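Novice: Here are the chains, one letter per residue:
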Amino acid sequence: DVKVTQSSRYLVKRTGEKVFLECVQDMDHENMFWYRQDPGLGLRLIYFSYDVKMKEKGDIPEGYSVSREKKERFSLILESASTNQTSMYLCASSSGTASNQPQHFGDGTRLSIL
Amino acid sequence: GQQLNQSPQSMFIQEGEDVSMNCTSSSIFNTWLWYKQEPGEGPVLLIALYKAGELTSNGRLTAQFGITRKDSFLNISASIPSDVGIYFCAGQPPDSNYQLIWGAGTKLIIKP
Numbered sequence: 001d002v003k004v005t006q007s008s009r010y011l012v013k014r015t016g017e018k019v020f021l022e023c024v025q026d027m028d029h030e031n032m033f034w035y036r037q038d039p040g041l042g043l044r045l046i047y048f049s050y051d052v053k054m055k056e057k058g059d060i061p062e063g064y065s066v067s068r069e070k071k072e073r074f075s076l077i078l079e080s081a082s083t084n085q086t087s088m089y090l091c092a093s094s095s096g097t098a099s100n101q102p103q104h105f106g107d108g109t110r111l112s113i114l
Numbered sequence: 001g002q003q004l005n006q007s008p009q010s011m012f013i014q015e016g017e018d019v020s021m022n023c024t025s026s027s028i029f030n031t032w033l034w035y036k037q038e039p040g041e042g043p044v045l046l047i048a049l050y051k052a053g054e055l056t057s058n059g060r061l062t063a064q065f066g067i068t069r070k071d072s073f074l075n076i077s078a079s080i081p082s083d084v085g086i087y088f089c090a091g092q093p094p095d096s097n098y099q100l101i102w103g104a105g106t107k108l109i110i111k112p
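For the protein sequence lines, the chains are A and B, in the order given. Under my numbering, residues 1 to 114 are what the first sequence spells out, in order. Under my numbering, residues 1 to 112 are what the second sequence spells out, in order.
Be aware that a few hints might be false.
Calculated pairs, DSSO-like style, for lysine-lysine (alpha carbon to alpha carbon, straight line, at most 27 Å) [claimed, not checked]:
#	chain 1	residue 1	chain 2	residue 2
1	A	57	B	111
2	A	3	A	57
3	A	3	B	107
4	A	57	A	71
5	B	51	B	70
6	A	57	A	70
Bear in mind the hints are in silico, worked out from the structure with no lab data behind them. If you're wondering where the values come from, they're calculated on a predicted model, not measured in any experiment.
My request is simple: use the sequences and hints to build the entire structure.
Specialist: Shown next as C-alpha cells:
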C-alpha cells in the first residue's frame, strides 16, 4: 500500500513565524502535491512537483514556497505565517499522470496560526 | 479557471437509504475520481473513471462518467453508519497531466 506520511497532525504557530510542513512518501512516486482544505471550498492546490528540484505553482501559491531535494520528500514552507493560513494542509503523491495514476493522500496537518 | 459544481452540499439520511450525489462542469474532463474523507484523515480513493459512459462499481458504490464528459455521479446503496464522511469528486482537465479540479464535497450524515 502507498504510504504518505505528514510529520505533524496538529501544529500551532505564531504570526510571522517561518513554518515547515513535511511530507514523505514510500512508493517512489514522481509527483507530489500540497493542498489546503477549508470548509465549503474543497481542496485547493498550492504547489506540486513532478520531479526532484522541480516545482509548479498551483491555484493559491501566494505566501507559500516548497522544496523537493529528494524524491520521497516534499516540504511546504510558510515564509511568514499569517492568521489566514490557518487551515488543514494535505500532501499527496502519484506516479505518472493523473489519467492513469490517482493521487494518494496523507492524513493532513491541521495548522493554527495565532 | 475551471470549476466543478458538486451537489448536494450535505445529506441527512436514514440508515438503509440509497444516496446519490453528482458533479458537473462547463468543460470536459479526461478522468473523474471519487474520494471519501473521514474525520481526521486524508481523502481515500473510492472509484476512478477513465472513459465517457463508463460505469464502475466498488461494493455498494457505483459511479458513472457522463457521456458528455462534463459530469459524473456517485451512488451508494443501502447506506450504513460507516458511510459517514465527506465525498469529493475530482476531474482531470485535458490540458493537464498532473492537476485535478476538485468539487467542494458532499457531507453525508446518517440519522440514528
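Novice: Taken at face value, is the distance from the CA of residue 71 of chain A to the CA of residue 57 of chain A at most 27 Å?
Specialist: Holds, at roughly 18 Å.
Novice: Assess, step by step, whether the Cα of residue 3 of chain A is no farther than 27 Å from the Cα of residue 107 of chain B, and give holds or violated.
Specialist: holds, 25 Å
Novice: Is the hinted pair residue 51 of chain B and residue 70 of chain B satisfied, with a Cα-Cα distance of at most 27 Å?
Specialist: holds, 12 Å
Novice: Can you confirm whether the C-alpha distance between residue 57 of chain A and residue 70 of chain A stays at or below 27 Å?
Specialist: holds, 19 Å
Novice: Would you check the hint for residue 57 of chain A and residue 111 of chain B, treating anything up to 27 Å between C-alpha atoms as holding?
Specialist: Violated, at roughly 41 Å.
Novice: Assess, step by step, whether the Cα of residue 3 of chain A is no farther than 27 Å from the Cα of residue 57 of chain A, and give holds or violated.
Specialist: holds, 24 Å
Hint check: a violation occurs at hint 1 only; the rest are consistent with the structure.
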